[in-house]
Each structure stands twice: as C-alpha cells, then as structure tokens.
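Chain residues, written in single-letter form:
Number of protein chains: 2
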Amino acid sequence: MRNQSLPDLPRRILMGPGPSDVHPRVLAALARPTIGHLDPEFVALMDDIKALLRYAFRTENALTIPVSAPGSAGMETCFVNLIEPGERVIVCANGVFGGRMKENVERCGAQAIMVQDEWGKAVDPAKVSAALKGNANVKALAFVHAETSTGVQSDAGALCKLARAAGVLTIVDTVTSLGGIPVETDAWGADAVYSGTQKCLSCPPGLSPVTFSTQAVDAIKKRKTKVQSWFLDLSLVMNYWTGQGGTRTYHHTAPVNALYGLHEALLMLREEGLEASWKRHGEMHAALVAGFEAMGLKMKVEPALRLPQLNAVEVPAGVDEAAVRRQLLASFNLEVGAGLGAWAGKVWRVGLMGQSASPVHVLTCLAAFESALQAGGAKINAGKAQAAARSRLGLA
Amino acid sequence: MRNQSLPDLPRRILMGPGPSDVHPRVLAALARPTIGHLDPEFVALMDDIKALLRYAFRTENALTIPVSAPGSAGMETCFVNLIEPGERVIVCANGVFGGRMKENVERCGAQAIMVQDEWGKAVDPAKVSAALKGNANVKALAFVHAETSTGVQSDAGALCKLARAAGVLTIVDTVTSLGGIPVETDAWGADAVYSGTQKCLSCPPGLSPVTFSTQAVDAIKKRKTKVQSWFLDLSLVMNYWTGQGGTRTYHHTAPVNALYGLHEALLMLREEGLEASWKRHGEMHAALVAGFEAMGLKMKVEPALRLPQLNAVEVPAGVDEAAVRRQLLASFNLEVGAGLGAWAGKVWRVGLMGQSASPVHVLTCLAAFESALQAGGAKINAGKAQAAARSRLGLA
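Residue numbers (this note's numbering), protein chains in the order written: chain A, 702 to 1097; chain B, 702 to 1097.
Treat the hints with caution; some may be incorrect.
Remember, identical chains collapse to one label, so a pair may be satisfied in a single copy or spanning two.
Only pairs whose alpha carbons sit at most 30 Å apart, straight line, appear in this in silico DSSO-like list of lysine-lysine [as the list claims (entries may be wrong)]:
#, residue 1, residue 2
1, K803, K923
2, K999, K927
3, K980, K923
4, K822, K980
Keep in mind that the hints were calculated from the coordinates and are not lab data.
For reference, chain A alone in the conformation it holds in the complex (with noise of 0.2 Å):
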C-alpha cells in the first residue's frame, strides 16, 4: 500500500464507453459539504433533482428518481419490481447488456423469451412482432436503446409500440443514450427506463437514474411477492423519494454528494438544452468519422445504426489492440475501450460522450491514434485525418 494521501493521478482524457470526462463545476459540486439525507434543504434539492431527470428523460413520470447506485443496480431495480417469479419476459441481445438482461430475468425466477441479433445490428422489429404473437402471457419486453458494446441504436419508438399494442410492459437501458441521442420516454410510451450518470451526463459513476410510467407503477402495486431486493423494493424507495404530504420516511442513506455532482450536471444539461447536446454529439461523430476514414480505419457498424456517442472503430489486420490502448493512454493520457464478448480484440471502442463530445476531444483523438497506429507499425494514410475532421467542424 502507498502510505500516501490520495496520489497525483493522471489527468485522463476519457473517450472510452464511460465514464467521460467531469465538468469542472460538476467536481466542485461533489466537494460541496455534506448535509443529511433527510435536511429540508436537501429534500427540497431531491425534488430539483427529480424535475431535472424528467427533462432529461422527456416525461411526466412521477416515479423519476436516481437510483443510489450504478447503472448496473438501474437494470436491475426495473426487473426486481416489475418481474415476479414464473412470469415471462421477452429480452432483445444484440450485444453484452441483453445478456445482462438475461441473468436479471432468471435470477428474478422468471422466463426470458430470447430475441437474438447478430453483435453490430439494431434489435429487429419483426423479430420482436413474432416473438410477441407468438407467446402468451408475456409480463415485459427488454431491450437496450443503445448497446455500449457495440455502438449500435436500435429503434425503442417502433419496439415500445409493438410492446403496447400487445399489452406488454417495456424495460428500456438507455444508459449510453441519455443526453447523446433523443431518448423520449413519454413519447415512445416506454414503461420502466433506467440509465447512469457516467456516460452522455458527465458525471462521474455511482448512480442510476429511473423512470417509471403510471402502468409500470400499477403493476408493481398489484404484486403478488414481494421485491426480492430490499435496497431497490421501489414501494420503499419511492417513500424516500416521493413522500406524500411533504414527510419523506427513511429507506436508506442517500449518496449526498453524489447526488450533488448529479444535480449539477443536469443543470448544465439544460442550460445547454437536449436538442442541442443531441446535435452536439451527432457533429462531434461526423467528424470523428471523416477522420478516422481519412487515415484509412473502417468503422465496424453501418452509418444508420451508429451511436454518435459510441464508435467501434475496427482494429486494421496485424495491429495490436491492446498496444495501441497502452501506447494511447502512456503518451496521451487517453482512455478509449476495448472490444467486448465477441468483438474483443476486433475494435476499439472511442467514446464521444458528454463534455468528452467537442472539437478538442475529436482532434486530439485523432492525433493520437495517428501516432499510435504508427508506432505500431500500422499502415495508415498519415496525415489527413486532420484536415478532414476540421472540415466536418467547420473548422479553418
């Protein structure tokens, strides 16, 4: 063990899958001092809090709240509550996290319904619309909006509508989404939306946040068990959260600080506005692009289904992947991803997320895969990456 105080960490420049880089206004919010959980002052910033979330979210869900714990714990309250155990559940695959899903169904004792599609293409509607007709009793349809593993956006419009139309509940992940690319709740009619505060909000990770449609809420009060997990029963949580009359009763201790770092990047998300950021990221993409093909590296996903947020960028025959992150990070202090399940060792995966998706973040990228990929001995097209992204910025 270092017998330090905390030790002089690097200065990263995150374009990984998450988290992206923090605001500086969002890190002074987390050194705030603390209050208590249960302070009428910080009552009264929960309820900021829970109105930022539904402006983030596009909703007028009452039950809009940050789960107190990461995106993971997220998934996981959306099945907890709305899953009993015999019931069935239709869950899309297209990458890592409906795999997740999966585990969740099961160890919830219930049934997944698989709707699989190839790692690198969008959840298929017609696929879903079968899966639907042709199963009785389905209590749920999950899928990923935007899948972190592989940079793929599928259409959760056109999947909560089939879901609706069959009477079923939808569980959506937008944990990449958020803030990158419309996520419309209301619009969409989605059910149970859960997403994390270290990707497109720029905080740093450790919370969830959730939203819950007045069906979703009816089904959790019409349970017939219990919530298996206590820390994410959400007929307890939302006591905390949603108190009526303005008393609020103790569940568990909020992660206060964290919840004001939250606070703050919401803040910052609507002053810029959610279109805006949309557009943000969709230009900070276009360019990322243009440079990556201008050195000759190809894009492993097809152009409609990209996620601005999250690009797999394929890794050139005879390059080592890993070497390339090692020689990013020591020369760069740049983080970006490696490929995962059955993409690793395949791409890199260079995240444009949040205060990570601008113009410095996309040139310096460039400039650091150029010299990397060199000094891997990589043939590229050197020296045109540059120009070409400067040119889908606008930039001289």
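Based on the hints, put chain B in the right spot on chain A.
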C-alpha cells in the same frame, strides 16, 4: 424547480445518526478528476483501498471491498450471497436494523428465527445460545453490533464465538461501529461484516465496506443456486475487485470519485490510528454525557451498553422533540437525529461520529441544546453543562 446552479446550501454541523461531518481533505478528494474504472492507476488505488479497509476491519480477509452502494446494500450483499432459499437464519433484533435483517432473510426465500430483545438492551447471548441449541440446520446468525436506532452495543465477540462453536456463520452489522469502537473481525471470528462510510469513517454516504472470511467465501462457492441479485453477486464482483493475475473483469462501473473520498478518509483513520480514534470517541462521549446530565437530561441507555458515537437522550416530559430539532437546525445549523420506531418522539439521537467527535462539537451541541430547550420552555439546569463537559475534556 429552482433555476440556478447548486443552491447555496447551509453549512450544517452533523451530529445525527449519520452522515457525520466530512473533512475538507475528503471533500477535496471527491473533486479529483474522474479516471476510468479499469485504468491501471485506478486498479492500484483499489488495492490501496482494500488494504486500508483490512486495517479498519482488523482482518486479513482477502475479500474485503467496498460495495458500490450505501450500507443497506452492504447488508443485502451479505444475505443474498450467504443465504439460499429454504435455509434458516437466527436474526437478533433489538432495534430497527434487526428488523431489516429479517426482511432480508425472508426476501432470500429463507426462514428467520427471531431472537428478540427490548429496544435499549443488548442482544442477549443466553438467548442466542438457546436459539442455536434449539434449532437444527441453522446456516447463519445475524446481529447488529451497534444499533443506530438505540445507541446500544452488543457483545459481538461473545456472539460470534457461540456461532462458530455451533458451526454457524455470522453476519455482523458494523455500520455505526467501524472506526468508533473496536471492530475485531478476525479476533471475533466473524464471517461476513458490513459497514457504511457516513458514520465514524466520516465519508459521504454511498459506499458499504464489507469483509468475508474464508469460511464465508467457501459457503459462496458451494452455493446450489445463483445469487438472486446480479449487481451484488460477489462471485462476479470479486473478479473486478480481486481479479487473479492482475487482470480485472468488468462487472459494474465502480463509483470512482466516491472511492477517492473513501481512500482519503481511510488514510486519515490510519494516520490517527484505530486505537486513538476509539479513545477519542469515548472521551467525547463522556464529556457530552456529563454536559447533558448537568443540564438535567437523562440518557436512555444504561452506561455499560452505550455507544460513544450515538447517544440516545430522553426528551423531557412536555417538550416537543421535533420543535427542538427544528430550532437546533434553524439557529445553530445543528442536525441531530429523531427517535425511530418504538422510540419516535421519546429520544434525540446525538451522534459523535468520526470528524463530529471533537471538543468543539461537544461544546457546541450542549450550548445549542441549552438554548433550544429553554426556547421550548423546558425546565433545565441552565449554565452547568459547559463546565461539566470541559472538566471531562481536561479544559479550563
């Protein structure tokens, strides 16, 4: 919603049941730039945190980590990993948190055999011994070392000894004890111990340190069923926190900045020394009690059972306890806790935890109570408390 950046929150003096006052060093650590949860520099920090936690828990247990969520999730981590459906757990209840343990056992599909003691009394080892003898096939004994709802400590060493002699695992709640009074994980022979960060460690809430003995890890490895919580499944979490051969497998995204804070708080504990911290908590407690008694107030718990870090003070007859707390907050920015459950309206819970266990806190608290009680029309011996407390503090 208030249309502004993080509002100008009051600077509170936190002397409730937690959170306690957070040192500026810890607040500053929280605001360090975020780095990736798989960054080699962060992995090194994780190792430091594990070593510091082993120091705090007085253990050599390899599986000693902070759960990425508040203390309630630490409790749940212990139960869902050790207990399988159909098993039997002896649960000791002498306050709120024993009841919460019962909820956890039942939500695991297991049976809770309750050992009840009155609020304000310690867990009775004779009753536990009888329960261990009178029930076959018991998997675990669960109890709270330091009951936050009453301010009572139980004899954890004696209870663990009984359990081990009976071949039964122990699950021990040290949320309020860790850092404030001796927690001797290895000397007790405790198997699963959980705590929180916002009590005597004086971190913001949001993390739950846990430690598991070899026997507990063996029990997890021998499970016949999957852990019902994916997020809290230690067989998966372990791969991230204690990965073999230097490789860490991604499970969930760790709350990076919260862990910076925990690291700094644990370092401060080690700098002071555990024994010195225990001594300080005891001395501040003695001074606070001397002051309250000089004022004519009564402590609710008998001296031998009192937790120095959590003081249950009886509300005098005819005094509106909530009005006094409002006055303390409004005039002195001082937060103390209300009574819970059976003691609601009957006691104040005054914390002397971590950074809040200081002479300034003791004297400020007594001054504020004297003022608020007089404002509320209580008959007290005014003008005596300060000298009584200073005398115990060795101050003129």
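Notebook entry, point to check: Which numbered hints does this structure break?
Noted result: Of the numbered hints, 2, 3 do not hold.
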